[in-house]
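Novice: Chains as they are written, first to last, in my numbering: chain A, 1 to 364; chain B, 1001 to 1330.
Source of the hints: derived by calculation from the structure; they are not laboratory data.
Heads up, a few of these hints could be off.
Said to hold, decoys possible - According to the in silico footprint, chain B covers these stretches of chain A (three or more CB under 8 Å from chain B):
1) 210 to 224
2) 298 to 304
Stated by the list, open to error - A few chain B residues that face chain A, going by a derived Cβ cut-off under 7 Å, partial list only:
3) V1011
4) T1015
5) G1018
6) T1020
7) S1146
8) P1262
9) G1266
10) I1270
11) V1302
12) T1303
13) M1305
Claimed, not checked - Residues of chain A placed beyond 10 Å of chain B at every Cβ, according to the derived structure:
14) G264
15) A292
16) V336
Where is the CB? At the ideal position from N, CA and C, for every residue including glycine.
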Amino acid sequence: MRAGAKIAAPEQHPVHAGAEPPVPATKEPKRQASQWRAIWRRFAKGRLNVAALVVVLVFALLAVFADFLASDMPIVLHLDGKTHVLPNLRSETSRPPELRRLDPEGLWEAMGPEDWAIFTPVRRGPYDVDLLARLEPPSSRHWLGTDAIGRDVLARIIHGTRISLSVGVVAVGLYVLIGIILGALAGYYGGKIDLIVSRLIEVKMVFPTFFLILTIMGIVERPTIWHLMLVIGFTGWPGVARLIRGEILRVRELDYVAAVRALGGSDARIVLRHVIPNSIAPVFVAATFGLAGAILVESALSFLGFGTPPPTASWGELLTQAYEHAVTSGAWWLTVFPGAALFLTVTSYNLVGEGLRDALDPRL
Amino acid sequence: MGSYVARRLLVMFPTLLGITFVTFLLVHLAPGDPVSAAMGGDLRADAISSQAIEHFRKEMRLDEPLLVQYGIWLGKLASLDLGTSWRTGRGVGEQIAERLPVTVALGGSAMVLVYLIGIPLGVASAVRRGSLGDRATTVVLFVLYSLPSFWVGTLAILFLGGGRYLDWIPVQGLRSPGWESLSAMGRLRDLVWHAVTPVVMLGYASLASVSRYMRTGMLDVIRQDYVRTARAKGLSERVVVYKHALRNSLIPILSHLGTMVPFLLGGTVIVERIFGIPGMGLLMFEAILARDYSLIMGITTVTAMLTMLALLVTDLLYAAVDPRISYGKK
């Protein structure tokens, strides 16, 4: 593993050194680039790692382009001599009047021989109720079946991806930020700040986090996904803070930090430009695992009824429905597909996290 | 040793104070009127006479400043009085005492099973490092670790229980109908039969981490010089692994014990809710749903105490496993 990193460096350097004169200012980014390349090379050695990364990217694309994959409106619609561009991005009320109250079937019937449209692959939105098609098993019309009020399960899974991933990303982003700030303060300055932060971390360790999150979400009057993001964000930071604190304790005694200090670098400069970049690697790993965790917490909360409020589509909310129907109707498609999406995402993030950890730390 | 335990118990108090205070603040500063929740959930305020509400507020001392209310709560706690549940009118302590054994039995069995399976699995993986068995175990455990229990639970209920597909497992509660008429043995068997699936659901995720920890710990130890010495002097592989290496590699596993308790407690909410098991997790779920503040406070306090106790036991076990660690003298 270590040898790989060493071979990678000489391969890179002669090429660049020949192309440009060795200017100190450009030296650092280049060294970093080759470092990242070495990390990527180690990461890509595991085929499972790459596969997991692909799954992560696919779900990210699903989340970003949800409206282009499942909507009751086409992407482009030419109807009665008028061309509507991207009606799928508009809400029911902001659409031109002639497009309101058109369900997918109605639209199909309203279209004459002159009209044309570019449809989304799934021609239903996550909220389109069809009471005539309740609890239908997978078919060519509804690829993954319908739920108890006839909503398309695939459309809801696709749009649920957006909810789950955005809760994960925002919440983890928030707690990584808080964790870095508090961890850096505690690790670099020590003293009272360290005492307070360390105590907080300890208290958090003995507190069943899920209980805390559950309590907060339970007492919020009208929970939204923003509450969820904030609650996970504000309860998740101790892990990151502990990591950063430990890393900074290690790094701040190194010679190069003393060198920066001797050159007159301010505390802020030392911490932001030198110490944090050198202790950030484990945070990336923690954040990747954290994403998997946050997505799980979101869906567990929604499953219990304290997460994303209905009718918002989220994987946990879909699974609540599935649970209610598990015994009564045996609608297996309600359980199998949303759960598989959740499982696949969580596994992939965990795999990427493991791959990243091994790639960043060649000693293992 | 005794003084160490006493000191540790003393340090618990500030932590407990912190946890209960945070919960208290959260619960009392939250929007959503406890009075209307206590008086029947969705009832609008104008449906009840404002006098009754006022009376209720006085009785529950909701009109006092928050700090005073917290003081009152603490004072009662000192005499082991956790207050009265607003929803049922019963004592919080009484309700917890009724539900706690169920959860402890559930979590305890899950924990014992996890260690009974996880430790040998981790050792076997470490000893045969890189073999097909090791790699297969790694993959299976990784999958288990990422499987959300509420999904697996729902799948189990859907496909294995209820009789629509199969009827192998019970889907609700801990007792079959007609439990009273069973013999003592029959009751026990019935109970175990009902508990198996929930225990598995609760434990399988921890199995992965325990056996991973064990594998890593074992690999660290097995590379050390004293293990090589033991081999060199001709000890059998079994003695080397199980007598010399295992003991030292148990230390990282112990640190895991402390973190497992809050994890299991959180898990019980979901598992008990799915399988309708009347334990503390379900009680917490009901309490939050009903905004039953004193019950939420009570459960939080008890779980925090349980977790801290687990951490203390962990530290004491350290000393038992590793003679280099001593809490006696400093």
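Novice: Which hints from the list above does the structure break, by number from lowest to highest?
Specialist: Checked against the structure, the hints that fail are numbers 3, 6, 11, 13, 15 and 16, while the rest are satisfied.
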